[in-house]
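Asks: In order, the protein sequence lines correspond to chains X and S. Just so we're aligned: 94 in the numbering used here is position 94 of the first sequence, and the numbers increase by one with no gaps anywhere. Just so we're aligned: 11 in the numbering used here is position 11 of the second sequence, and the numbers increase by one with no gaps anywhere.
If you're looking for bench data, these hints aren't it; they were derived computationally from the structure. Treat the hints with care, as some may be off.
Quick list of in silico lysine to any residue cross-link-like pairs, SDA-like style, CA-CA up to 20 angstroms [unchecked claim]:
hint: 1; chain 1: X; residue 1: K54; chain 2: S; residue 2: P70
hint: 2; chain 1: S; residue 1: K50; chain 2: X; residue 2: I81
hint: 3; chain 1: S; residue 1: K39; chain 2: X; residue 2: L48
hint: 4; chain 1: X; residue 1: K111; chain 2: S; residue 2: Y38
hint: 5; chain 1: X; residue 1: K108; chain 2: S; residue 2: K61
hint: 6; chain 1: X; residue 1: K108; chain 2: S; residue 2: D23
hint: 7; chain 1: X; residue 1: K11; chain 2: S; residue 2: E36
hint: 8; chain 1: X; residue 1: K92; chain 2: S; residue 2: R62
hint: 9; chain 1: X; residue 1: K54; chain 2: S; residue 2: Y71
hint: 10; chain 1: X; residue 1: K54; chain 2: X; residue 2: T13
hint: 11; chain 1: S; residue 1: K61; chain 2: X; residue 2: A101
hint: 12; chain 1: X; residue 1: K47; chain 2: S; residue 2: V73
hint: 13; chain 1: S; residue 1: K76; chain 2: X; residue 2: R87
hint: 14; chain 1: S; residue 1: K50; chain 2: S; residue 2: V73
hint: 15; chain 1: S; residue 1: K76; chain 2: X; residue 2: K11
hint: 16; chain 1: X; residue 1: K111; chain 2: S; residue 2: D23
hint: 17; chain 1: X; residue 1: K54; chain 2: S; residue 2: A65
hint: 18; chain 1: S; residue 1: K61; chain 2: X; residue 2: T13
hint: 19; chain 1: X; residue 1: K110; chain 2: S; residue 2: D26
hint: 20; chain 1: X; residue 1: K54; chain 2: S; residue 2: K76
hint: 21; chain 1: X; residue 1: K92; chain 2: S; residue 2: D20
hint: 22; chain 1: X; residue 1: K110; chain 2: S; residue 2: D23
hint: 23; chain 1: S; residue 1: K61; chain 2: X; residue 2: E98
hint: 24; chain 1: X; residue 1: K92; chain 2: S; residue 2: V73
hint: 25; chain 1: X; residue 1: K47; chain 2: S; residue 2: D20
hint: 26; chain 1: X; residue 1: K47; chain 2: S; residue 2: A65
hint: 27; chain 1: S; residue 1: K18; chain 2: X; residue 2: E98
hint: 28; chain 1: S; residue 1: K50; chain 2: X; residue 2: K54
hint: 29; chain 1: S; residue 1: K61; chain 2: X; residue 2: K110
hint: 30; chain 1: X; residue 1: K47; chain 2: S; residue 2: Y38
Nothing here was measured: the structure is a model prediction, and the numbers come from that model.
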Amino acid sequence: MRNYENLVIVKPTLTAEEIQASVKAIEEVITSNGGEIAATSPMGMRKLAYPIEKNERGYYHVIYSSIAPSAITEIERRFRINEDLLRFVTIKYDTNREIAAFNGMVAKAKKAAEAPAKVETPAVEEAPVETPAVEAEAPVATEAAAPAAE
Amino acid sequence: MAEKRKYKKRYCKYCEAKVDFMDYKDAGALRFSLSERYKIMPRRLTGNCKRHQDMISIVIKRARAAALVPYTVTRKQVVVAPFENLK
Chain X
1 MRNYENLVIV KPTLTAEEIQ ASVKAIEEVI TSNGGEIAAT SPMGMRKLAY PIEKNERGYY
61 HVIYSSIAPS AITEIERRFR INEDLLRFVT IKYDTNREIA AFNGMVAKAK KAAEAPAKVE
121 TPAVEEAPVE TPAVEAEAPV ATEAAAPAAE
Chain S
1 MAEKRKYKKR YCKYCEAKVD FMDYKDAGAL RFSLSERYKI MPRRLTGNCK RHQDMISIVI
61 KRARAAALVP YTVTRKQVVV APFENLK
């Protein structure tokens, strides 16, 4: 068993429930292939640095787990088939230093999952309110930047 | 031979902060080693040591794959504080 980190970007066109369902399906892919999930940390809806399949934003979800190295190819094959995913990144944590960092991140993710567990429900409600604000700001920012560049 | 130095002495900021591990998800921390067009800055300009330059280049490439940091920026998209509208 080796420590891995899976970052997946789920399509933003899905509804909140569909996103949660597909995240659960992704976690199930890992567990059904003999992986043990140590922690998960949802990074939430973010603007992508560049458009992927014409999507400007995506739902980021990070899964820390220990998986047998031979199972990784199968998991990645399943990820590739999954049409809800825009992108996935698998990172191996192998050396002592990396494992220490991995454990630190797992502890951090667990803490973050426990502490704002009660706050999570309003946070989800806030998210749609925040996104239009960002969208409204973005064109203004680009307009402001454009004359400055000229 | 106390010749006057032409430039300020460069030192590795990561060594000074004793960085052992860099997280690719923390895109703001990678900004120091990226140019305004998101190219990886060379060691001769940032003063990074070889070890940390190797680490940061791997981490930046991971972040690019995860769409946290762009590969390239077109002329229109170059902005002064690029990470502020990434959130």
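Asks: Any hints this thing doesn't respect? Which numbers, in order?
Replies: Hint check: 2, 4, 5, 7, 13, 14, 15, 18, 24, 25, 28 and 29 fail, others pass.
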